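Construct the complete structure from the given sequences, taking the supplied hints into account.
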Amino acid sequence: MEILVCVRRVPDTAENEIQLNSAGKDIERDDLVYSINEWDNYAVEEALQIVARVGGNVTVVTVGGEDDEEVLRREMAMGANHGVLLTDAAFEGSDGRGIAAILAAFVKKGKYDLALTGVQAEDGGAQVGGMLAALLDYPFASLVNAIEILDGGKLKICREIEGGNKEMNEIDLPCVLSIQTGINEPRYVGMRGIRQVASVPIPTYGASDLGLNVDTVGATAAKVKREDYFVPPLGKGAEMLRGNREDNIDKLIEMLRAKGGLK
Amino acid sequence: MAGIVHILIFAGFIVLAVHTFSLLGLGTAAGTDSVSSAAIGRTYDLVTNYAATVVFLCMIVAAVRRLVFKPARYAVPPRYGKAHTADAIFLLALIAVLMFAESLFEASKVAYLARHGHTAQSLATLSLPWLLGKSLVSLSPQTVWNLYLTSYLIQALTFYFLLCYRPFGIQFHVETSLFGVYFAKLDRGTVKPVKWGLTPDQIDQVKSIGVKTFTDFTWKHMLDFYSCADCGRCSDKCPANAVGRPLSPRFLTTKARDYCFQHYPVFGKAQNGQPLIGTIYSDDEIWSCTTCGACEEECPLLIEYIDKIVDLRRGMVDDGNVPKSLQKPLKALKSRGNPYGKMEKKRAEWTKEKDFQNAYEVKVLDGSTRADTLFFVDSITSYDDRMQAIGRATARVLADVGENFGILGAAEKDSGHEVRRFGEETLFMALRDQNLEAIRESGVTRIVTADPHAYNALRHDYLDVPSVEHVSQVIARCVRTGQIKFDPVANTSDVYTYHDPCYLGRHNEIYEEPRAVLDAIPGLKRVEMKRSRDRSFCCGGGGLMLFYEPKEEQRMGVVRAKMAAEAGANVIVTACPFCMVNMEDAIKVAGLEGKMTAIDLVELVDRQMLRRRAEQPAASAALAPESDCARSSLA
Amino acid sequence: MAGIFVYIVHKGGVPDDSAAELVAAAKAIDASAFPAAVVTGSGAELDSVCDSLCGSYREVWKIANEALAYPNAELIRKVLVAVLPQDAIVLVPHQHFGVDLSPGLSVKLNSPFVSDAVGIEGRDGNILKLVRQEFGGQISAHVHCDVSWGAVINVRPGAFKPLEAQPANGNVLDKSSQVGALNCGRRYLQTIAAEAGDVDISKEPVLVSVGRGFQEKDNIAIAQELADAMGAAVSCSRPVVDAKWLEKSRQVGSSGQTVKPKVYMACGISGSFQHLAGIKGNPFMVAINKNPKAPIFQVADVGIVDDVLEFLPALTEKIRER
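If you read the protein sequences in the order shown, they are chains A, B and C. Quick note on our numbering: the first sequence kicks off at 7 and runs consecutively. Quick note on our numbering: the second sequence kicks off at 131 and runs consecutively. Quick note on our numbering: the third sequence kicks off at 2 and runs consecutively.
Derived by calculation from the structure, the hints in this document are not laboratory data. It is possible that some hints are incorrect.
[As the list claims (entries may be wrong)] Pairs of lysine-lysine, BS3-like flavour, derived with a Cα cap of 30 angstroms: (1) A:K229 - C:K162; (2) A:K265 - C:K263; (3) C:K28 - A:K265; (4) C:K245 - C:K263; (5) B:K475 - C:K261; (6) B:K681 - C:K294; (7) B:K725 - C:K249; (8) A:K162 - B:K454; (9) C:K28 - C:K63; (10) C:K291 - B:K725; (11) B:K200 - B:K212; (12) C:K281 - B:K458; (13) C:K245 - B:K454; (14) C:K281 - B:K476; (15) B:K325 - B:K461; (16) C:K294 - B:K476; (17) C:K204 - A:K269; (18) A:K172 - C:K281; (19) C:K79 - A:K160; (20) C:K261 - A:K31; (21) A:K172 - B:K454; (22) A:K31 - C:K245; (23) C:K218 - A:K114; (24) C:K263 - C:K130; (25) C:K79 - C:K109; (26) A:K265 - C:K249.
The structure presented is a predicted model; accordingly, all values stated were derived computationally and were not measured.
Have a look at this one:
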């Protein structure tokens, strides 16, 4: 099976303190460490496990620049057979729809049975997978946490719905799936492995290679634009409720309801 | 008991060696039935009679011990495999038969000669041959002659059989241990390189590192598998085993030996290439080891364990088979240089605590500032808010004894000590190289650390560093010269006990300095726990081990806390931040909260130290150890 | 003028809470607008949902078809494309269905898509300004899009409070016949209910977390009752696991699970570094602890100094009364 996994390099939420920069409109990017988006890593591991069972190849692709090559290499150290970088000045500033369009153009150039994305990215909108499928007219399923290969070009997949319940579906190939964390246990990628793939060539494709009209991608084509980052005002330390127990409970319930803590 | 029996058997064999070989020679050439007819030969013969008797009795004692008294360390829980008791008893029986046959040979020889008038030869009184001789008196000369021949045959056959059987049983340790002990690893605290003879850059080009299949073990390790006498002392003292983790060092060896026998038969093709993890070893078994070294300390045959476990882990890491709980801190170590994922620039934040900063300024050796001594803080002391108190106490003590020191601050990376011992050699080398560069650039001539794991790494894993000392050595020296004097303890009813950290004690043999420091504090009552010094019981492990989720029945720290209580102590003094984490946690889990406390050696020194400062009374109040505040409990 | 439509998620004949919340969201887009509800389904359950919606929506577009008995986003997307006007603004709750439906829907309707909106600031002509969060909630962002040709907006459940009841006296419009052929590349098979031990706390949006303040194993039941009343899951700190009151899978911390809930109730938890390290995304944290000096009060949003063993049952009962 030929599997394409769309990955993204994101600032690591666990190892960074995301803060506003001094200008106040963007996050402080100076000290950020980046890594592969956690969901995408699960997707690559899933692809590797599928290919180990039924044969085939795993290709990882990302839209970005030179800096983004490092996540491609990491996934190749993990076992992916090919890495591809889609890069072009015209791609910069693309919104989710733009990224999906770029990826769709790449998918059309190849012959992939299955395309995987992560459910969402740390700085994204849980949208690229669904948009990619719609642009390709492929069936789609999100929040996938189990994949079984059936005969006749079909998959049996499980979607994670509320309460930990599992929604079982059958889906035709070729299709797009967005993968949820916890679907498997991604293998560890040691520093040695990454060093070993440090000089493997990674092909790049631009807008013209993909046959993309530059008006459909990039900042100008973006339909949703981010104006700024901001931090909603926070109190210092906990707001202590100092009434008697009953009053505290009432106040607490009100707050919980507002924050969506009550079903 | 076992030791005495073993020494007796060993001595008996040595004594009997010449006699036994001369007996064998007798089969081919007449006249070699006694060493010499001179007095020394006679004496020797008598001695051999006793030797044979003693060995024979030892066989009986050994068999009874194994079958009736069954010492705990021999036990083989079913999950580890089958016991080799039958093998052991068989060997004991063979040797007993050999001794009996030799004795009967001697007895029948003397009896026969006596019948024919040669009474010159006699047997040692009350020895086995002598007793047998007594029972031969009533037999006819022909019978005696037959017994003479038969016993010779039995002796010869048994001897040759034993000789050929030796490699297949635990007896082989007699031969292999000669080489095993000769080639044993003598340096402590180190870890073998990935592959002997390979430089670090060459490691990247090797296709596979670590031990994945049996032949990946070094020849010395394979020799170890043959040399194990299956005595069980290692597992008996292994803390992981004591708390019910899947690890039992003895079975690492015996399972490998059984695998070896199975797959490398004397006759037939070798069937190799099977992965060891998942077949004879389980992942958890290998990850469970805290590298405390108790097994290696106990082993009478100097069998190495830590290197084997590290090699197995290297193999697992190379295959990507790392438990999720360890992947998180490893990733953080790679991107941030510490297992918590905290930002590098915050590594020196512990020096900015308000009260501390008002009284002390810690230099950061960033190129413009210089100092003679580097205080290598390492990750846990830099970032964990409980351990930061130890960092501050260390800085205070060092400052107050006049050390000209500084810290590396953001340029310091985790020492990588556990990273290496958990098999991620490449990441370890990256951390080490970054630290080495920072150390070199700082121009320091000496390093002091309060973290035994960092101490061990700097001393043994790092190359070309200035001399390293643990802070307890610095303090002990200052106590000796009188530079540090102590206030008497406030609460004289407290009983203190010192817990030897594995990497300060066993691996680096620093036992006395911390004790000397404690004993210099007036009024401090100190007791020793049952297992102390080189027999100390691991607290649970440090570095990456704090992140691993073992399957165990209880925590090592809890077992240790109970040992402290048993020794009559209510204060445990540690000299390692990881021991502190584990002991404070254990005190709560064991339900000893309020009845027992833990304090770091430096914190105690900091608290009790007599300081010549103008605002002394206020200062000692302000410098009260932060561990006394009702602060973070472990989660 | 673009009409605002709210896609109604329902189960067992009852509309989800989001049905009421999204009316408020629609009003935030356009104070004078009256959104229409769009409901798909089949049979008596669908009818029951439509009837109850008439109380808050003026128009309820009902699309009934056997194939829609189970909400399959792939099918429903086709239905909505067929039935909705091209410039519709569609509001959908951001949950497992919305995530499945909306991105593709926005492509087929050729509209901008805003995911997981937590706030709507209003409209300036055709530009709609919204608030989103990124990095697990650590930071917020203002985004805007041009809604002249419609939009698809996924709204975070609970982000909008339902408005005071404004009886709408709505009608049900049956749009079932406008739907074309219903087939697609994905077919629903069945739903397998989660087993009791299967709780994955790292996915739970609301957690009631217990610490040593609970004193003994039997008291954990108090936390479970609160969790049931809140629709939450029970998690814990390490000492609780060590004491074997709960399984390891419930542990939050640097050597346990990393959780990213929206709401975190830290009950009898002191708030050590190792425990807090397992909580990401800046949830709304409520701390209840007998010790007023517990470090947790420095990081929580709301703090109550009280005995968890007494406070929690009282809280549970009050929640149940609602």
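Query raised in the report: Straight-line Cα separation of C:K245 and C:K263 no greater than 30 angstroms?
Result: 27 angstroms, holds
Report task. Take a quick look at whether C:K79 and C:K109 sit within 30 angstroms of each other, Cα to Cα. Result -> Holds, because 9 angstroms separates the two Cα atoms, which is no more than 30 angstroms.
Query raised in the report: Is B:K475 close enough to C:K261, meaning Cα to Cα at most 30 angstroms?
Result: Holds. B:K475 to C:K261 sits at ~26 angstroms (cutoff 30 angstroms).
Requested in this report: Would you check the hint for A:K229 and C:K162, treating anything up to 30 angstroms between C-alpha atoms as holding?
Outcome: 28 angstroms, holds
Report task. Take a quick look at whether C:K218 and A:K114 sit within 30 angstroms of each other, Cα to Cα. Result -> Cα-Cα ~58 angstroms, so violated.
Query raised in the report: Regarding the pair C:K294 and B:K476, is the alpha-carbon distance no greater than 30 angstroms?
Result: 25 angstroms, holds
**Report entry** Restraint check for C:K281 with B:K476, where alpha carbons must lie at most 30 angstroms apart
**Finding:** OK: C:K281 and B:K476 at ~19 angstroms, within 30 angstroms.
Query raised in the report: Under the criterion that the straight-line Cα-Cα distance not exceed 30 angstroms, is the pair C:K28, C:K63 satisfied?
Result: Given that 30 angstroms is the threshold and the Cα spacing comes to 22 angstroms, the pair holds.
Query raised in the report: Can the restraint linking B:K725 and C:K249 be considered satisfied, given a maximum Cα separation of 30 angstroms?
Result: 28 angstroms, holds
Query raised in the report: Are B:K200 and B:K212 close enough, with their CA atoms no more than 30 angstroms apart?
Result: 15 angstroms, holds
Query raised in the report: Is the straight-line distance between the alpha-carbon of C:K245 and that of B:K454 30 angstroms or less?
Result: Between C:K245 and B:K454 the Cα gap is close to 22 angstroms, so the pair holds against 30 angstroms.
Query raised in the report: Taken at face value, is the distance from the CA of C:K281 to the CA of A:K172 at most 30 angstroms?
Result: 25 angstroms, holds
Consistency with the previously given hints fails for numbers 6, 22, 23, ordered from lowest to highest.
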